[in-house]
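Visitor: Residue numbers (our numbering), protein chains in the order written: chain A, 1 to 399; chain B, 1 to 336.
Source of the hints: derived by calculation from the structure; they are not laboratory data.
Each residue gets a CB set at the ideal place from its N, CA and C atoms; glycine is no exception.
A portion of the hints provided could be inaccurate.
Unchecked claim - Computed spacing ranges between beta-carbons, pair by pair:
| hint | chain 1 | residue 1 | chain 2 | residue 2 | range |
| --- | --- | --- | --- | --- | --- |
| 1 | B | PHE312 | A | ILE164 | 53 to 63 Å |
| 2 | A | ALA262 | B | VAL111 | 46 to 56 Å |
| 3 | B | SER307 | A | GLY360 | 53 to 63 Å |
| 4 | B | LEU292 | A | ILE164 | 27 to 37 Å |
| 5 | A | ALA137 | B | GLY119 | 32 to 42 Å |
| 6 | A | GLU89 | B | LEU79 | 45 to 55 Å |
| 7 | B | PRO327 | A | ALA262 | 48 to 58 Å |
What the hints assert, rightly or not - Computed list of lysine-lysine pairs in DSS-like fashion (alpha-carbon distance at most 27 Å, straight line):
| hint | chain 1 | residue 1 | chain 2 | residue 2 |
| --- | --- | --- | --- | --- |
| 8 | A | LYS182 | B | LYS241 |
| 9 | B | LYS311 | A | LYS182 |
| 10 | B | LYS107 | B | LYS241 |
| 11 | B | LYS101 | B | LYS193 |
| 12 | A | LYS98 | A | LYS358 |
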Amino acid sequence: MKKLLMATAATALVAGAAYADGHGNEVKIGVILGFTGPIESLTPSMADGAELAMTEVTESGMLLDGMKVTSVRADSTCIDAGAATAAAERLVTSDGVKAIMGADCSGVTSAILQNVAVPNGVVMISPSATSPGLSHADNEDNGLFFRTAPSDARQGVVMTDVLIEEGITEVAVTYTNNDYGKGLADSFEAAFEAAGGTVTINTAHEDGKADYSAEIGALAAAGGQRLVVAGYVDQGGSGIIRAALDSGAFDTFHFPDGMISAQLEENFGDEIEGSTGQHPGTDSPGAAAFSEMVGGAFDPTSPFTPESYDAAALIMLAMQAAGSTESGDFKDHVMDVANAPGTEIFPGQLGMALEMIKNGEEIDYVGATAVELIGPGESAGNYRQIVIEGGKITTAKFR
Amino acid sequence: MDVLNAIVALSNFVLIPAIAYGSQLALGALGVTLIYGILRFSNFAHGDTMAFGAMVTILVTWWMQSLGISLGPLPTALLALPFGILGCIALLVLTDKAVYKFYRAQKAKPVILVIVSMGIMFIMNGLVRFVIGPDDQRFADGERFIISARTFREMTGLSEGLAFRTSQGITIVTAVVVVIALFWFLNRTRTGKSMRAYSDNEDLALLSGINPERVVLYTWMLVAGLATIAGVLYGLDKSFKPFTYFQLLLPIFAAAIVGGLGSPVGAIAGGFVIAFSEVTITYAWKKVATYLLPEALEPDGLVQLLSTDYKFAVSFVILLIVLLFRPTGLFKGKAV
Numbered sequence: 001m002k003k004l005l006m007a008t009a010a011t012a013l014v015a016g017a018a019y020a021d022g023h024g025n026e027v028k029i030g031v032i033l034g035f036t037g038p039i040e041s042l043t044p045s046m047a048d049g050a051e052l053a054m055t056e057v058t059e060s061g062m063l064l065d066g067m068k069v070t071s072v073r074a075d076s077t078c079i080d081a082g083a084a085t086a087a088a089e090r091l092v093t094s095d096g097v098k099a100i101m102g103a104d105c106s107g108v109t110s111a112i113l114q115n116v117a118v119p120n121g122v123v124m125i126s127p128s129a130t131s132p133g134l135s136h137a138d139n140e141d142n143g144l145f146f147r148t149a150p151s152d153a154r155q156g157v158v159m160t161d162v163l164i165e166e167g168i169t170e171v172a173v174t175y176t177n178n179d180y181g182k183g184l185a186d187s188f189e190a191a192f193e194a195a196g197g198t199v200t201i202n203t204a205h206e207d208g209k210a211d212y213s214a215e216i217g218a219l220a221a222a223g224g225q226r227l228v229v230a231g232y233v234d235q236g237g238s239g240i241i242r243a244a245l246d247s248g249a250f251d252t253f254h255f256p257d258g259m260i261s262a263q264l265e266e267n268f269g270d271e272i273e274g275s276t277g278q279h280p281g282t283d284s285p286g287a288a289a290f291s292e293m294v295g296g297a298f299d300p301t302s303p304f305t306p307e308s309y310d311a312a313a314l315i316m317l318a319m320q321a322a323g324s325t326e327s328g329d330f331k332d333h334v335m336d337v338a339n340a341p342g343t344e345i346f347p348g349q350l351g352m353a354l355e356m357i358k359n360g361e362e363i364d365y366v367g368a369t370a371v372e373l374i375g376p377g378e379s380a381g382n383y384r385q386i387v388i389e390g391g392k393i394t395t396a397k398f399r
Numbered sequence: 001m002d003v004l005n006a007i008v009a010l011s012n013f014v015l016i017p018a019i020a021y022g023s024q025l026a027l028g029a030l031g032v033t034l035i036y037g038i039l040r041f042s043n044f045a046h047g048d049t050m051a052f053g054a055m056v057t058i059l060v061t062w063w064m065q066s067l068g069i070s071l072g073p074l075p076t077a078l079l080a081l082p083f084g085i086l087g088c089i090a091l092l093v094l095t096d097k098a099v100y101k102f103y104r105a106q107k108a109k110p111v112i113l114v115i116v117s118m119g120i121m122f123i124m125n126g127l128v129r130f131v132i133g134p135d136d137q138r139f140a141d142g143e144r145f146i147i148s149a150r151t152f153r154e155m156t157g158l159s160e161g162l163a164f165r166t167s168q169g170i171t172i173v174t175a176v177v178v179v180i181a182l183f184w185f186l187n188r189t190r191t192g193k194s195m196r197a198y199s200d201n202e203d204l205a206l207l208s209g210i211n212p213e214r215v216v217l218y219t220w221m222l223v224a225g226l227a228t229i230a231g232v233l234y235g236l237d238k239s240f241k242p243f244t245y246f247q248l249l250l251p252i253f254a255a256a257i258v259g260g261l262g263s264p265v266g267a268i269a270g271g272f273v274i275a276f277s278e279v280t281i282t283y284a285w286k287k288v289a290t291y292l293l294p295e296a297l298e299p300d301g302l303v304q305l306l307s308t309d310y311k312f313a314v315s316f317v318i319l320l321i322v323l324l325f326r327p328t329g330l331f332k333g334k335a336v
């Protein structure tokens, strides 16, 4: 009996050691994005962006003595908080990810943060959740949540500037009925009215409906020089535009980030000629470096793709700075590596950055989107202003 | 001029959409009402029957488009429609033989048949998603507009545009033709009369030598035709997505019940009542009022009774009111 016990204990020890060894050189990072659902046309290149950073770090062999970084993907669905929470729970408890790059849409991001990340003490860096509600001023997130996308409070101000400069003073607003849409529409309305503009109507539309003629009827009655569609291009947003064009209610539109993608060109082309929009983006040298690095592997200018690269990069740089892959240790280092002082780091220089951190030097991660984290850990916000010309999305300027 | 503008704005945003939507609902409700009148149960699978018929039509449309067959300015789907109807008939007759016949032989209570139809609904639901997927499908081709808002404005010089889509025109014309044909069939032909006899009094009909199985067969064939036409028209006018057909069940039943279950005239009236209330109650009347009222009385607000979010609630409320005050519906159908 004694022998048996000894043998069991020995086996357990060996197994434990083997287990530790097997995982000693690998750190897993969860990539949780809405691969199905309303922004499914954006997420593949976002995930590719994040994984590009991980490959770069793995190949450099500089992260904590040559640790390998692997990505574990999970589907946030963008809209189903229950499914997203379950997926994140699986990542943390069964796959054992050390940090989460995600989630994407604001509603599911806040659900995952409250139900999974905070209870388990896992760092989350979202590339695209922009709801003002996620600015945790009172440390409700235990310092675990960051985002490389700016809050929509900022987008509302930028949108106002774009429209006022175009000489537009009267707009109708329709938003997708969720945290993202409502947050953006409200912050825009406040900013636009403060700047002297008039919002004739600010009303919700539900995603996934076949027919938006009633919604357009109300919007048309209220009138306005332009229709602001704070929705999703794969969902109700396109339906609204189609109905508005068909009934002749509006000819030009203004699109926030959720609407700008190749799908928009494909759906409407030159029917929406002269429409404007903006989404997070920058003309810093980082963006060009990122495009060059990606080559033709995926679309580096697709919304939130560079943000995803930066989110993943920040996680790994912070791990290096803390000398640990545990969220509890490296969460306090995220702001340090992201902001000045230090040497500026651009995409493709992650290996160099890791080495510098190892040697005790300071870095200032600029990345693909000119990352500058402010307040409770969110991007200060650079925007690319676009205009539809000849049926194509073209860059007007950067803000 | 202002009066004209008001009329145009009203037609553009209320009348035309509501008439097209009402025709689609009426065709759907006719199918529900026929099954209720003749087979004596509420068929919950009707929305998904519409989706199935539309799906077959879409597949045939795609095949025709790949062969280069087209109807010129009209959508190719009209050519594919007969195939869709045949496919739908095959499915419904098969379900009848496999499922409903068994319960009919047992003289099952209507409530059991309702539950059975719910089971069938889920199977059809899955079948459609399995074949064509849960996403939006586009199959409309041909000319998009009979008259577009811009051309109308240029033609008339009015400040309001009037858009009339081809799909809306086809919907209205088809609905009128189908309804006339259906009434002619029910009132003038031998089979139609035997169906009505069976519906009025089953025992008496059997005594006078009407073959019940044939009546049932013809009913399913008619229902398949109506459901496919309604489904294809809805898909052409809006978009084809299996889930929206499932959601259509509520307004369709509301239409059938408001009009009086079992009464074909009622189904049509009900379809238009529901469609017009959904659209007019959630419409913002500001524009029309601005044109019509003297300047001093112009409204500042939107003059909207209910936000468009409550569109579906409108059909619920009408349903409740009718059930409370006139349980048999507007046209004296059978009591629910």
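Visitor: Now look at each hint and say whether the structure bears it out.
Guide: Against the structure, the hints come out as follows:
1. B:PHE312 x A:ILE164: 53 to 63 Å: violated (38 Å)
2. A:ALA262 x B:VAL111: 46 to 56 Å: holds (52 Å)
3. B:SER307 x A:GLY360: 53 to 63 Å: At roughly 60 Å between Cβ atoms, GLY360 of chain A and SER307 of chain B fall inside 53 to 63 Å, so the hint holds.
4. B:LEU292 x A:ILE164: 27 to 37 Å: Between LEU292 of chain B and ILE164 of chain A, where Cβ atoms are some 33 Å apart, the hint holds.
5. A:ALA137 x B:GLY119: 32 to 42 Å: violated (52 Å)
6. A:GLU89 x B:LEU79: 45 to 55 Å: holds (51 Å)
7. B:PRO327 x A:ALA262: 48 to 58 Å: Because 54 Å falls inside the window, the suggested range holds.
8. A:LYS182 x B:LYS241: Measuring from Cα to Cα gives roughly 26 Å; hence the hint holds.
9. B:LYS311 x A:LYS182: At roughly 20 Å apart (the allowed maximum being 27 Å), LYS182 of chain A and LYS311 of chain B satisfy the hint.
10. B:LYS107 x B:LYS241: violated (36 Å)
11. B:LYS101 x B:LYS193: holds (22 Å)
12. A:LYS98 x A:LYS358: holds (20 Å)
Against the hints set out earlier in the document, violations occur for numbers 1, 5 and 10.
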